[in-house]
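Enquirer: For reference, the chains in residue letters:
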Amino acid sequence: MTFLTPEESGHVSSLWGKVDVEKVGGEALGRLLVVYPWTQRFFESFGDLSSPSAIMGNPKVKAHGKKVLSAFSEGLHHLDDLKGTFAQLSELHCDKLHVDPQNFTLLGNVLVIVLAEHFGAAFNPSVHAAFQKVVAGVANALAHKYH
Amino acid sequence: MVHFTAEEKSTILSLWGKVNVEEAGGEALGRLLVVYPWTQRFFDSFGNLSSASAIMGNPKVKAHGKKVLTSFGEAVKNMDNLKPAFAKLSELHCDKLHVDPENFKLLGNVMVIILATHFGKEFTPDVQAAWQKLVSGVATALAHKYH
Chain G
1 MTFLTPEESG HVSSLWGKVD VEKVGGEALG RLLVVYPWTQ RFFESFGDLS
51 SPSAIMGNPK VKAHGKKVLS AFSEGLHHLD DLKGTFAQLS ELHCDKLHVD
101 PQNFTLLGNV LVIVLAEHFG AAFNPSVHAA FQKVVAGVAN ALAHKYH
Chain F
1 MVHFTAEEKS TILSLWGKVN VEEAGGEALG RLLVVYPWTQ RFFDSFGNLS
51 SASAIMGNPK VKAHGKKVLT SFGEAVKNMD NLKPAFAKLS ELHCDKLHVD
101 PENFKLLGNV MVIILATHFG KEFTPDVQAA WQKLVSGVAT ALAHKYH
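Those sequence lines, one after another, are chains G and F.
Mapping of the first sequence onto the UniProt record's numbering: position 69 corresponds to residue 69, and the numbering continues sequentially without gaps.
Mapping of the second sequence onto the UniProt record's numbering: position 74 corresponds to residue 74, and the numbering continues sequentially without gaps.
Hints are computed from structural coordinates only; laboratory data are not their basis.
Built from N, CA and C at the ideal position, the CB exists for glycine as well.
Wrong hints could be hidden among the right ones.
[Said to hold, decoys possible] Derived EDC-like pairs: lysine to aspartate or glutamate, alpha-carbon spacing no greater than 20 Å straight-line:
no., chain 1, residue 1, chain 2, residue 2
1, G, 133, G, 95
2, G, 83, G, 95
3, G, 23, F, 126
4, F, 133, F, 80
5, F, 121, G, 22
6, G, 62, G, 48
7, G, 62, F, 126
8, G, 66, G, 80
9, G, 60, G, 80
10, G, 18, G, 100
11, G, 23, G, 81
12, F, 105, F, 122
13, F, 9, F, 44
14, F, 62, F, 74
15, G, 133, G, 48
16, G, 23, F, 122
17, F, 121, G, 20
18, G, 133, F, 102
[What the hints assert, rightly or not] Distance windows between CB atoms, simulated:
no., chain 1, residue 1, chain 2, residue 2, range
19, F, 53, G, 20, 28 to 38 Å
20, G, 18, F, 48, 47 to 57 Å
21, G, 74, F, 3, 39 to 49 Å
22, G, 77, F, 50, 29 to 39 Å
23, F, 13, G, 144, 22 to 32 Å
24, F, 20, G, 54, 42 to 52 Å
25, G, 23, F, 96, 38 to 48 Å
26, G, 37, F, 120, 19 to 29 Å
27, G, 101, F, 37, 21 to 31 Å
[Said to hold, decoys possible] According to the in silico footprint, chain G covers these stretches of chain F (three or more CB under 8 Å from chain G):
no., segment
28, 28-34
29, 41-48
30, 86-95
31, 123-135
Bound-form chain G, shown alone (with noise of 0.2 Å):
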C-alpha cells in the first residue's frame, strides 16, 4: 500500500532531515502538556508541571519527547507499513499504559505546529499536507491494536 506519493515522500525526508529529534520531541510533547492539560495525567511521575515553563523545561519532558519522537523518526523509514512498525508500541500504549487513542491525534497536530514554528514558510501547504497526512497514519497505526 502507498501512502504516500513519491513528491510527498520528498517533501518529508527533506524537512525530516534538518529536524533536531531530540529538541523538536521536548517541544512537542511539552507542548501537548501545556494545550491539553489532561495529557498530563499520564506523567505524574515527571515532577514540576505546574505552569508552561516548567513544563517546557522539564528535563523528564524533554527526555521523553526525545524517546518519542525518535520511534516517530523510525516510522518514517516505514511509511509502507504503519501497522507492522507500531504494532509493539500500539499494545504498550493500550494494555499497560490505557492512552485514549485521541491523544495520538492531538500530538500529531501539535508535531505540525511545531514543525511550522520552525520552518515558517519553509512548512508551504504541499509539506503541511504530506505530514498532516504521515501523523494520521502514525496515529492510526498506535490506535490499530486496541481492543
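Got chain G; can you put chain F on it based on the hints?
Expert: What follows is chain F alone, placed relative to chain G:
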C-alpha cells in the same frame, strides 16, 4: 461555555493585532483545501483548484478566505459570547451550506498552523494554548445551531 482568563484574552488580542487578515485568511482557506482535499466540494464554483499552487493563487479562494477570517475577527471581539456571536453563521452553515461541523475544527487547526508559521518563536506554548482554546470555542459555536 468557554471561559478565557484575562491573560489568555490579552495573549490572543496581542497576536491578532499583528495578523494581516486578508493574507492569513487566503492562506488558511487555501491550506484547508490542499491538506483536506474533500473540503473542495464546497467550492466547486471557485475555478481552478487542481494543484496546491493553483489553490493558493486562486483569487476566489483568497477573497473568500479574507471573508472567513474577517468574521473570525468577531470571535476575538466576543470571546465571552461566542455562541450568540456565531448563531446566524451557524444556521447558515447548517441550513444553507450543509457543511459538516467537523470541518470547523479542521479550519481552526489550519489557522493555528498558519499563526505558527508566521510568528515562529513568538508562537510560544502559552500563545498556542490560548489560540487552540479560541478556535475550538469558535468551532463549537458554529456547530451550536445545527439540527
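Enquirer: Now tell me if each hint is right for this structure.
Expert: We went through each hint and held it up to the structure:
Restraint check: the Cα-Cα separation between residue 133 of chain G and residue 95 of chain G comes to about 26 Å, which exceeds 20 Å; the hinted pair is violated. Distance check on the hinted pair: residue 83 of chain G and residue 95 of chain G sit about 17 Å apart at the alpha-carbon level, within 20 Å; holds. A threshold of 20 Å between alpha carbons decides the hint, and for residue 23 of chain G with residue 126 of chain F the separation of about 18 Å falls inside it, so the pair holds. Pair hint residue 133 of chain F plus residue 80 of chain F holds up; C-alpha atoms about 12 Å apart against a cutoff of 20 Å.
For the proposed pair residue 121 of chain F and residue 22 of chain G, the alpha carbon gap of about 17 Å is at most 20 Å, so the pair holds. Under the criterion of a C-alpha separation no larger than 20 Å, the hint pairing residue 62 of chain G with residue 48 of chain G is consistent with the structure, at around 13 Å. A hinted pair counts as satisfied when its Cα atoms are at most 20 Å apart, and residue 62 of chain G with residue 126 of chain F qualifies at roughly 17 Å. Taking the CA atoms of residue 66 of chain G and residue 80 of chain G, the gap is near 23 Å; set against the 20 Å cutoff, the hint is violated.
Restraint check for residue 60 of chain G and residue 80 of chain G: the C-alpha separation of about 32 Å exceeds 20 Å, so the hint is violated. Straight-line distance between C-alpha atoms of residue 18 of chain G and residue 100 of chain G comes to about 31 Å, which puts the hinted pair past the 20 Å bound. Restraint check for residue 23 of chain G and residue 81 of chain G: not satisfied, since their Cα atoms lie roughly 26 Å apart, outside the 20 Å limit. Straight-line distance between C-alpha atoms of residue 105 of chain F and residue 122 of chain F comes to about 23 Å, which puts the hinted pair past the 20 Å bound.
Distance hint between residue 9 of chain F and residue 44 of chain F is unfulfilled; the C-alpha atoms sit about 37 Å from each other, more than 20 Å. The suggested pairing of residue 62 of chain F with residue 74 of chain F holds, with an alpha-carbon distance near 19 Å, which does not exceed 20 Å. This hinted pair does not check out: residue 133 of chain G and residue 48 of chain G have alpha carbons roughly 34 Å apart, beyond 20 Å. Among the hinted pairs, residue 23 of chain G with residue 122 of chain F is consistent with the structure: their alpha-carbon atoms are about 17 Å apart, no more than 20 Å.
Of the supplied pair hints, the one linking residue 121 of chain F and residue 20 of chain G holds, its CA atoms being roughly 16 Å apart against a limit of 20 Å. In summary, the hint linking residue 133 of chain G to residue 102 of chain F is supported, as the alpha carbons are separated by about 17 Å, within the 20 Å threshold. At roughly 30 Å, the beta carbons of residue 53 of chain F and residue 20 of chain G sit within the given window of 28 to 38 Å. Look at residue 18 of chain G against residue 48 of chain F: about 32 Å separates their beta carbons, and that is not inside 47 to 57 Å.
Checked against the hint of 39 to 49 Å, the pair residue 74 of chain G and residue 3 of chain F passes, with Cβ atoms roughly 41 Å apart. Residue 77 of chain G and residue 50 of chain F have their C-beta atoms about 32 Å apart, which keeps the hinted 29 to 39 Å range intact. A hinted range of 22 to 32 Å is violated for the C-beta pair residue 13 of chain F and residue 144 of chain G, which are about 43 Å apart. Separation of residue 20 of chain F from residue 54 of chain G is about 34 Å and departs from the stated range, judged on CB atoms against 42 to 52 Å.
For residue 23 of chain G and residue 96 of chain F, the hinted distance range of 38 to 48 Å is satisfied, since their beta carbons lie about 47 Å from each other. In this structure the hint that residue 37 of chain G and residue 120 of chain F lie 19 to 29 Å apart at CB holds, the actual value being about 24 Å. For residue 101 of chain G and residue 37 of chain F, the Cβ-Cβ distance of about 24 Å falls inside the hinted range of 21 to 31 Å, so the restraint holds. Here the segment 28-34 of chain F counts 3 residues with a CB under 8 Å from a CB of chain G, which clears the bar of 3, and the coverage holds.
Counting residues of the segment 41-48 of chain F whose C-beta sits closer than 8 Å to any C-beta of chain G gives 0, which falls short of three, so the coverage hint is violated. Given a C-beta distance limit of less than 8 Å, the hint that chain G covers the segment 86-95 of chain F is violated, as 0 residues qualify and 3 are needed. With 7 residues having a Cβ less than 8 Å from any Cβ of chain G, the segment 123-135 of chain F passes the three-residue criterion, so the hint holds.
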